[in-house]
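Peer 1: Please build the complex by placing chain V on the supplied structure of chain U, with the hints as guidance.
Chains as they are written, first to last, in the numbering used here: chain U, 1 to 310; chain V, 1001 to 1310.
Because the hints were derived from the structure by calculation, they are not lab data. The beta carbon of each residue, even a glycine, is placed where N, CA and C say it ideally should be. Please note that a few of the clues may not be correct.
Unchecked claim - Listed next, the stretches of chain V that the computed footprint assigns to chain U, with coverage defined by at least 3 CB atoms under 8 Å from CB atoms of chain U:
id, region
1, 1030-1041
2, 1102-1111
3, 1122-1133
As the list claims (entries may be wrong) - Pairs of lysine-lysine, BS3-like flavour, derived with a Cα cap of 30 Å:
id, chain 1, residue 1, chain 2, residue 2
4, V, 1087, U, 87
5, U, 25, U, 94
6, U, 161, V, 1025
7, U, 94, V, 1087
8, U, 87, U, 25
9, U, 123, V, 1055
10, U, 123, V, 1233
11, V, 1233, V, 1249
12, U, 123, V, 1034
13, U, 25, V, 1034
14, U, 247, U, 11
15, V, 1004, U, 34
16, V, 1247, V, 1004
17, U, 123, V, 1087
18, U, 123, V, 1025
19, U, 247, U, 94
Number of protein chains: 2
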Amino acid sequence: MINKLIENIKKTNAPIVVGLDPMMKFIPKHITDKAFAEFGETLEGAAEAIWQYNKAIVDAVCDLIPAVKPQIAMYEQFGIPGLVAFKRTVDYCKSKGLVVIADIKRSDIGSSSAAYAVGHLGKVQVGGNRFAGFDEDFVTVNPYFGSDGVEPFLDVCREEKKGIFLLVKTSNPSSGEFQDQILADGRPLYELVGERVAEWGESFMGDSYSYVGAVVGATYPEMGKVLRKVMPKTYILVPGYGAQGGKGKDLVHFFNEDGLGAIVNSSRGIIAAYQNDRYKERFAPENFADASRQAVADMIEDISEALAGK
Amino acid sequence: MINKLIENIKKTNAPIVVGLDPMMKFIPKHITDKAFAEFGETLEGAAEAIWQYNKAIVDAVCDLIPAVKPQIAMYEQFGIPGLVAFKRTVDYCKSKGLVVIADIKRSDIGSSSAAYAVGHLGKVQVGGNRFAGFDEDFVTVNPYFGSDGVEPFLDVCREEKKGIFLLVKTSNPSSGEFQDQILADGRPLYELVGERVAEWGESFMGDSYSYVGAVVGATYPEMGKVLRKVMPKTYILVPGYGAQGGKGKDLVHFFNEDGLGAIVNSSRGIIAAYQNDRYKERFAPENFADASRQAVADMIEDISEALAGK
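Chain U extracted, bound-state conformation:
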């Protein structure tokens, strides 16, 4: 699946991923009105609105981008109906040829990590049959448990030719409280985690990059520069561009000399572009998906220019 991700990136010439992290305040009124008219102001109504919103955005941008990253928390908050909308979104994106990186940030001790891996990337045995619960292409994984929490994901990935992105240095302001702690040997914790990610990845390589990727926030470009060297064959998923403050020029050192090695996420900057000062005069709420398409084009241009000037 890392090979397919890279193939999609080359085809679109766009090292970006659109974060499908719907919030009710992003969804235009004409969509919620229609969903509530059909299902009421219920969890099912919210889930229908989310699904229609996602579908319109995916239809508008799918030829420009290699991948999407739905954040499961935004669906899980609506309980079971929300998770049904999540699955529907995953299935739809896959049908459009997009690689789906499910941002689930799961992890646990061995047996429970294995269950998450099976549920999201693999197939679960029921009597004589096997079923895929969610069937995403990649998932994000939290490293706090160490190897036991990670290896069950790798086992399923090997079987299914799928991949993971491990959290190394997250984009949020307080990520340093634990991740930046300086260890006895003088290195910060995130560097040790990065080193382990590179090791886990070595045992499971695609054509040029590993099936084991890393998450490093665009908001910490200097650390990204260091981690790029610590993990040369690791694809880096870079959140924090746009709404969280990261800019194109912050991103150049996340990439390798081959122009590959990083994929940059933007969520609300794309999906809620029509609410953004930059776009709201040109795009009415009814044309929210066109605004998303324009925002994708602008993001690709911003990153391409930054990379060209590297």
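Peer 2: This is chain V only, laid out in the frame that chain U set:
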């Protein structure tokens, strides 16, 4: 909710929690046969078997215990039908007066953590209505993101009078790879995390203990002893008893002098007791729930004796 948990512990005189972590291999054939006859060998069939299995165990043990801890991974692996069985289990346990500690180990950057908190502990706004997605009493939370990832849970907990247990030192063999790293000031990382848990907890106290608890594995009793002192007002959820190797005598230092302060989890040791050498001659698979009841009684006795000899 921490007050209710302590009240339930005092009432039952049992500082234990039963982990409802169903695996297909634990479920007696007469239950899966019936479920598959009705729903086929499908995800729905598996979910029905899990629900019937859980219900029988809960019915058999609910008067002896204060709380249950369903591990959501074991349900999530069966996709949406599995999560429906999870919710059904949560609702049923609450109807029996049990405190439900959902072992979800979620966490993310602020906005996504807020969505998890709302979905599992709070209520989500849909138009003019508010709905609880899963509505558990406590959830487990991963601390890797620092304060931004934790505080959204605390905000919802304050509103709903619910609580969390933060991972400090997990029970798995490889937990030391990152959690035991010695920091520049000579302390291991888990101690720093424990200190922060105590600080987060100070701002949100119940009658005698905080709404903010910690997870520390029974498999690391010496670390438990240290962490007990670092976090004096923190309830410690202790996994790793039984199947993972922890014994009653390992647990005494997780408790405070008041006999409170810790709650010990056992999962397969209780729910799959009928498969255990200790019980399998006395209990046929048809009587699996009775075996679970006996295993609960034995666990309470083991811990009580250890605490009496402290």
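Peer 1: Hint by hint, note whether the structure agrees.
Peer 2: Checked hints:
1. 1030-1041: holds (count 3)
2. 1102-1111: The restraint on the region 1102-1111 of chain V holds, since 8 of its residues have a Cβ under 8 Å from chain U and three suffice.
3. 1122-1133: Check passed, 9 qualifying residues.
4. 1087/V x 87/U: holds, 18 Å
5. 25/U x 94/U: Satisfied, since the Cα-Cα distance of roughly 26 Å is no more than 30 Å.
6. 161/U x 1025/V: OK: residue 161/U and residue 1025/V at ~26 Å, within 30 Å.
7. 94/U x 1087/V: holds, 28 Å
8. 87/U x 25/U: holds, 21 Å
9. 123/U x 1055/V: Within the cut-off at roughly 26 Å; holds.
10. 123/U x 1233/V: Not OK: residue 123/U and residue 1233/V at ~43 Å, beyond 30 Å, violated.
11. 1233/V x 1249/V: Holds, at roughly 22 Å.
12. 123/U x 1034/V: Holds, at roughly 23 Å.
13. 25/U x 1034/V: Not OK: residue 25/U and residue 1034/V at ~45 Å, beyond 30 Å, violated.
14. 247/U x 11/U: Given pair residue 247/U, residue 11/U holds - Cα atoms ~23 Å apart, limit 30 Å.
15. 1004/V x 34/U: violated, 43 Å
16. 1247/V x 1004/V: Holds. Residue 1247/V to residue 1004/V sits at ~26 Å (cutoff 30 Å).
17. 123/U x 1087/V: Within the cut-off at roughly 22 Å; holds.
18. 123/U x 1025/V: Measuring from Cα to Cα gives roughly 16 Å; hence the hint holds.
19. 247/U x 94/U: holds, 29 Å
In this structure, the hints that do not hold are numbers 10, 13 and 15, in rising order.
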